[in-house]
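Participant: Residue numbers (my numbering), protein chains in the order written: chain A, 7 to 271; chain B, 7 to 271; chain C, 84 to 399; chain D, 57 to 337; chain E, 3 to 256.
Note that these hints are calculated values from the structure, not bench results.
There's no promise every hint is true.
[Said to hold, decoys possible] Simulated pairs of lysine-lysine, DSS-like, Cα-Cα distance not exceeding 30 Å: (1) 67(A) / 169(E); (2) 259(B) / 93(A); (3) 166(C) / 207(C); (4) 228(C) / 254(C).
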Amino acid sequence: MNSAKVEIRDVTKAFRSTGGSQVTALAGISLRIPENEFLTVVGPSGCGKSTLLYIIGGFLKATRGEVLVNGVPVTGPGADRGIVFQKYSLFPWRTVMQNITYGLEEQGVPRAERQEIARSYLRLMRLEGFERAYPRALSGGMQQRVALAQTLACEPDIILMDEPFGALDAQTRKLMQVELLRLWEQRRTTIIFVTHDVEEAIYLGTRVIVMTARPGTVKHDEPIALNIARDKEDYMLNRAFMELKMRIWLNVKEEVERYGEVARS
Amino acid sequence: MNSAKVEIRDVTKAFRSTGGSQVTALAGISLRIPENEFLTVVGPSGCGKSTLLYIIGGFLKATRGEVLVNGVPVTGPGADRGIVFQKYSLFPWRTVMQNITYGLEEQGVPRAERQEIARSYLRLMRLEGFERAYPRALSGGMQQRVALAQTLACEPDIILMDEPFGALDAQTRKLMQVELLRLWEQRRTTIIFVTHDVEEAIYLGTRVIVMTARPGTVKHDEPIALNIARDKEDYMLNRAFMELKMRIWLNVKEEVERYGEVARS
Amino acid sequence: AGHWGFGVAQAAEPVTFRIGTAIPDYAYAFFTERPDILKHYGKSYKIEWVKFTGSGGALSAFAAKKVDLSIMTILPLINAATKYRLDFKVIHSQQDHGVDGHFATTFMARADSGVRRAEDLKGKIAGVNVRGGVLDLALRIMLMKHGLKPDSDVTIVEGQFPHLGAMIRDKKIDLGSIIQPFYSREQKKGGLIDVFTTVDAFETAQPLSFRAAHGSVLKEHAAAVRDYVDDYLRTIAWGHDHREEAVRAYSKTWKIPEETLMDYFLTKKDTLYRRDGVVDVTLLQKVVETLVRTGFLKESVDVSKYVDLSFLPAKR
Amino acid sequence: MAQGKPRVDVDMASGSREPAARRWAALRWLAAGVAHYFSVLLFFGLWEFVARSGWVNPWVFPPVTVSLAEWGRSLATGDIFHPMGLTLLRALGGLTMALGVGITLGLLMGRYRLVEWFFEPLIAIGFPAPKIAFLPLFVLWFGFFNTAKVLIVFTSCIFPLTLYAYHGARSVDRFYLWSALSKGSRGFALLRKVVLPAALPHIFDGFQVALIVSFIVAFVAEMVTGGGGLGFEMIKAAQDAETPRAFAMLFTISLLGYGTIKLAEWLRALLLFWHIEHEAH
Amino acid sequence: MPALRKIVVRFLPLLLVFGAWEALTAPRLIPEDFIPRFAHVLRALGDLLSSAEFYGHAAASFSRVFIGLTISIIAGVALGIGMAWYRWVKRFCEPLVVLSYPIPKPAIIPVFIIWLGIGDLSKIAVIALGCVVPIIISSYNATLSVDRYLVWSALSKGTSERRLLRKVIFPASLPRIAVAIRVAIAVAFILLVSSEFIAANTGLGYLTFSYGSVGSNDYMFATIFLIVAVGFSADRGYAAVMQRVLAWHEFGEL
Ligand SMILES: Nc1ncnc2c1ncn2[C@@H]1O[C@H](COP(=O)(O)OP(=O)(O)OP(=O)(O)O)[C@@H](O)[C@H]1O
Ligand SMILES: Nc1ncnc2c1ncn2[C@@H]1O[C@H](COP(=O)(O)OP(=O)(O)OP(=O)(O)O)[C@@H](O)[C@H]1O
Ligand SMILES: [Mg+2]
Ligand SMILES: [Mg+2]
């Protein structure tokens, strides 16, 4: 069974911190993510979620273990894996429009087409009228939406998202979730999506993973039946959904509390 | 009736953007915030919530109107108004410990006492073991918690918080909420708290404000009976809570959708 | 510059001489201001002037063959001959010190300082334009002759020519080497007295500066060089004969006020610009011998080997 | 391999070394050293070749080996140490004074409109002025010896230092300032605790530039006004047509500068370890 | 009128300096042999500006400055970024580059003369070599401090490592390189004088030395004044251009 789109094999990551001591962010984490999976990841703050994404992205090297994409070990960043960072880093010297077209430019998409694609994303992200603004003139949520558009516009095979809706209001977030699902269904992309919102994790994911407190590994791995949440408007009141939510929530809670004790002891 | 702790009088803020056009972020917003109020603010992304906080903080000047604190017009930043920024800017040249003690240092608190206070916040924020780490070695959520501690440690009269729990996992967020409420009750601080999470707004606030889409004004102003949420563990299932939540949610939704139409037209 | 002779048509092209010179230069002023008084300029030769701030820089450019002709003074001549081992000849004189009662660089002191002779300098500070230069040597020779040890009995410092006078007045130094046009100015201001001159130091009048040329240039362009020297002497004659016009031209080039120039330029108060362009080898050799005698030069140099006066025109 | 690209933390795994491997390591270290200075060796090789080829007068442009030999001689006899000390004293003396004044002024200009209004145009007009032209005035006022030269170094260094500090102070992230202001920092404390550290990368750029300027200006001042030191020795050697000796002086200043620049880089890494630039090292 | 007042206020510091200059020199508090009266300098400047020959000198100098500066900017940015980004570039270039920093450029003019001749080339080399120092230093340090998320973002969008330099590293470092260029511009004008120190056919630096060595201080200062004035204008012009180029950059508030 080697059809995994992304395979994480026993990845450990240790950071050397100032003072020489070590922080182990990830400890022997293994995961197989098949093509077209929408994997959502939840876990206590500081447990290594971002670090995991950076390793899959090829930005950081694992201290031990490896990540395979399409069966090939990752050695560095590539255009097959798009990423939206937690702190949505836009290019400050590029306007909103130029930020969105960046990846297209790099792919050699002709100018006119680039503009057109970007304009459709501007609409999608409800940023019309800000084409020519520079990032510093945008609110936090607006910047985050530009970052989203920037990555989605490239149509990468695999998308890594680190709390991509964190700075959005509830309603805009909802809209974005719907759009993201639509794109995912259309493009059959593989998505790894870090979030703090358990409901979001269940609503979006085809599988939810709960990570343990630092050092992070997989604590809980739950496949989600598509029909639980996505089909109905009132899924929040659905019994199965609520049970699922409670189960995941308790898992996270356990970890947060455990960590509190670990740290205190 | 001049007992308002913070009074916002017809504040308008227009930014001149590159290209010479203007963006009106706030349009004639007026608010009276009595002492010891816990005001939570929700509203569509980009509606001017951060801008409002910056104006109260004295960092930005209103284009028109003024802000009074204790009846005195605000002319600049002051130690009476603490702030936690949306993009939690820690001083990168200071360790976690030094970041937390910064404000105390400025208040002339003696060293030993500073250390002690900081250590209690470290515990509160579950950051033990990271005293000597520099901000760049922290995860997003950890940085946010340091920023929280940094501001809370100063014990300001008024605290302005811009999505201070945005980068925290659900469980840690819960813990922080409880701690924040405890501090608020103890210290009788006035808090203005921007959030995207409607539940959080209701749970924490003594009053919730929904802002309109850009240009921002007050769309909806709802006092919250304290007993709705805070007293019970299972408040989420409480009927009054759910109704309230729905009401606020619909208000935000309306604004987001209206903006979509405004922008599209 | 490359200038190969290529048959008859090419021979008519004027040769370009790159001439290294110091500031201020006599010839440069008249060649550029009054080309009308020249006879061959632009016909058999042209000039590209390169102005140097010191004779040291001029010498290294000359040695590197970046100039064809160059100003030279006694120490660079000795260096060119003994250290760089260049093939060159001095072809005409420029300025002479002390000949015929003409001006020689004068070491001056404040009238009220008590310094009247070299021996009064014990414990004092003396300023020269550049240590290791010819004036520095003159000062040292003078001090030694009067039983003083340079550097221990007398501190020697550097100052630029235009400032030495003011430094003496300002009591920063007690003695300074003053050349023209500053000598005239200081005299006019008063309050300074002459202590000694280079003639006293070297015990002889000296050719101060002269023009040298590479052997190869002299060989390849003998005729053009001759024409150049002829024109050069023409400017000198013209200057002596039309002093007022000369003052104007010189002032225009170097921005020295005309009234200052009128006071000394081309008179006995000035260094001598010889009409015949002859370099007095005997005097020059005497300077060398003094340097050898006082230990500033390890071995003597036969100056005559480096002087070739055959490019001077036959007596007019 | 790209230096910037990895930007990963250093590999943690570093096993203990076998004695046999240690010899290899030593050899590799030597090879790396040669490789590191390859450009210098190449340059010297080229110089040697050209100087011996007969294209230039070897007395005017002596082979590098001759110059190095002369340099070695002056090091061996120790007669270079006195001028070296003089130049070092003047350069670093002037620089130290300029550091204090320049950085303070620059930071003040960056934070206070009034200071900026007054000094910014003066800096802009004073910077391109050739300071050397004012050396005689310095000599008149401050004498022939060290003071005038130290002061000319000071005046030359102060401009880049101020300008870099000024721009550094101007580009401090406004959230740092806001954060500090809302915690009660004002005036000098704000300057020292926030503006200074935040501007430190800029300030260090300025320091590195000023360091080089100080060496150059001290040397040139000695060339022009004498009074001992490497610059004076070099001009004297040039006058006496002792070209190898002149080059020896240049080697000395170059190596002295190299040492201090490396020291400054080390200091930079030490003081800016918190800054992201440190991660790339 | 308000416009005029604004200009006066803006340039008041300069007027004060010139005023102080005149005030100190007019009653001869500073000997005229060192610094002439400001009024005399202006007179000399007027005289120089009315002679055609002078413009030749100015053109020669400023074109050298321009060329030298351009070379130094291109080479400095390339070297600085290259040394920070590619280990082998740093390995190969750094020792030679750093060893060459502290070499006093005026001192090696004779060597330049041997290799590049007496003409423009040796002077351009002096200017370029001097100006390149701040630019290399700043581009090197700025490159090292480029936000790594920006680099990662670009890499994951298919930017090749070589393009990365142009698309991300350069623009991200630009605010700091811009400061270095501002410094380099000033240095270029200083070196304009030094580069013509030892040998020259033409140029304002040559005029400075020649007038200085015959004690024509008013003329000497007039040339310096002009150099400085042009340097100042260049600085202002550059600042205006940079303000537009760096419109995206967030400057700290005053
Ligand atoms: N550059 C670094 N140097 C040292 N330690 C680091 C570095 N980056 C991350 N860490 C540590 O690794 C751990 C995991 O960090 P990471 O950013 O992956 O957490 P996270 O799960 O994304 O948390 P959050 O939800 O708060 O964003 C943290 O404890 C952090 O302190
Ligand atoms: N410096 C600036 N220059 C120009 N426009 C600005 C500037 N800062 C903010 N704006 C504009 O003002 C509006 C309000 O911004 P603000 O940051 O207050 O929004 P917000 O309500 O905090 O949004 P979010 O929830 O996304 O953080 C936005 O449309 C933004 O584009
Ligand atoms: Mg994270
Ligand atoms: Mg905001």
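Participant: Compare the structure with each hint and give your call.
Facilitator: How the hints compare with the structure:
1. 67(A) / 169(E): holds (24 Å)
2. 259(B) / 93(A): With a Cα-Cα distance of about 25 Å, the restraint between residue 259(B) and residue 93(A) holds, given a limit of 30 Å.
3. 166(C) / 207(C): Distance ~35 Å between residue 166(C) and residue 207(C) Cα, so the pair is violated.
4. 228(C) / 254(C): Roughly 25 Å separates the two Cα atoms, so the pair holds.
Checked against the numbered hints above, the structure breaks only hint 3 and satisfies the rest.
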